[in-house]
Amino acid sequence: MPSRSVILRLPFPSFPDGLRGLGLLWLRLAVALIFAHDAVESLARSQPLLCILVGAAALLIGTGFLTPAFALCMAVAEIAWMMV
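For the sequence shown, this note's numbering begins at 44 and goes up steadily by one.
Among the clues, some could well be false.
[Claimed, not checked] Computed beta-carbon distance windows for the label pairs:
no. : residue 1 : residue 2 : range
1   : L62       : S89       : 41 to 51 Å
2   : D60       : R88       : 39 to 49 Å
3   : Q90       : L62       : 36 to 46 Å
4   : P59       : L102      : 15 to 25 Å
Simulated from the structure, these hints should not be mistaken for lab results. Just so you know, even glycine gets a beta-carbon here, dropped at the ideal spot from N, CA and C.
With the hints as extra help, turn the sequences into a complete structure.
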């Protein structure tokens, strides 16, 4: 009976090496800085809850934790914020 090899895969994609990884890191940091700026701006407008939410999203996107989910949530929030 031939043995079957089992390939274990991580439940999340790995971060690319080289210049592609550096480019993704720069993009992630740029988006996080934009959201951090929006958080400070909302704090200046006396909106502390919005500041906390946007600041948390900036931190989570900057560190790479659930980036696609938080990026989608923030895209919807930014569109709603522009309509107000």
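How the hints compare with the structure:
Separation of L62 from S89 is about 43 Å and conforms to the stated range, judged on CB atoms against 41 to 51 Å. For D60 paired with R88, a C-beta distance near 42 Å keeps the hint of 39 to 49 Å intact. Taking the beta carbon of each, Q90 and L62 are about 39 Å apart, inside 36 to 46 Å as hinted. The supplied range of 15 to 25 Å is met by P59 and L102, whose beta-carbon atoms lie about 23 Å from each other.
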